[in-house]
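Participant: Sequence:
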Amino acid sequence: MYPDDLKYTAEHEWVRTGDGPAVRIGVTHYAQDELGGIVYVTLPEVGETVTAGTPCGELESHKSVSEIYAPVTGEVVAVNEALDATPEVVNADPYGDGWLFEVVPADADAVDGLLDAAAYQADLPG
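Using the UniProt record's numbering, the first residue of the sequence shown is number 1, and each one after it goes up by one.
These are calculated hints, taken from the structure and not from any lab test.
Be careful, since some hints might not be right.
[As the list claims (entries may be wrong)] Restraint ranges, calculated between C-beta atoms of paired labels, are given here: (1) E81 <-> T49: 15 to 21 Å; (2) P21 <-> E58: 24 to 30 Å; (3) A108 <-> T86: 18 to 24 Å; (4) T49 <-> Q121: 29 to 35 Å; (5) T42 <-> D107: 31 to 37 Å; (6) E81 <-> T54: 19 to 25 Å; (7) V39 <-> D107: 32 to 38 Å; (8) T54 <-> D93: 23 to 29 Å; (9) G37 <-> G113: 30 to 36 Å.
We treat Cβ as the ideally placed atom computed from N, Cα and C, and that holds for glycine.
Please build the complete structure, drawing on both the sequences and the hints.
Facilitator: Structure representation (structure tokens):
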């Protein structure tokens, strides 16, 4: 439920590193489950600079609106535009097609300071 190859934040975002400098960001299974059926997604704009720990978007469900927090500081280089038409993909596939946006971190080592899967799960309620 919480892949070991990802890093996590206490605010329930995940970060996946790839071959290039950009990291992909999404919300965890726990976050999408707590929100319920997601009906609208607001994401940062390509070219925008996001700051670690600050809100940069929103997920709206039938239950509530939840802020998306930037896990790292850097420039947004891609957003998942498919979510405009099908925001429910975040619920169905939070670690795959439900990704949110990609950032090139200002500090390449910033991702190393995030939680691993075990530490993230240890912090979950219940």
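Participant: Decide, hint by hint, whether the structure agrees.
Facilitator: Results for each hint:
no.	hint	in the structure
1	E81 <-> T49: 15 to 21 Å	holds, 20 Å
2	P21 <-> E58: 24 to 30 Å	holds, 26 Å
3	A108 <-> T86: 18 to 24 Å	violated, 32 Å
4	T49 <-> Q121: 29 to 35 Å	holds, 31 Å
5	T42 <-> D107: 31 to 37 Å	violated, 26 Å
6	E81 <-> T54: 19 to 25 Å	holds, 23 Å
7	V39 <-> D107: 32 to 38 Å	holds, 35 Å
8	T54 <-> D93: 23 to 29 Å	holds, 26 Å
9	G37 <-> G113: 30 to 36 Å	holds, 33 Å
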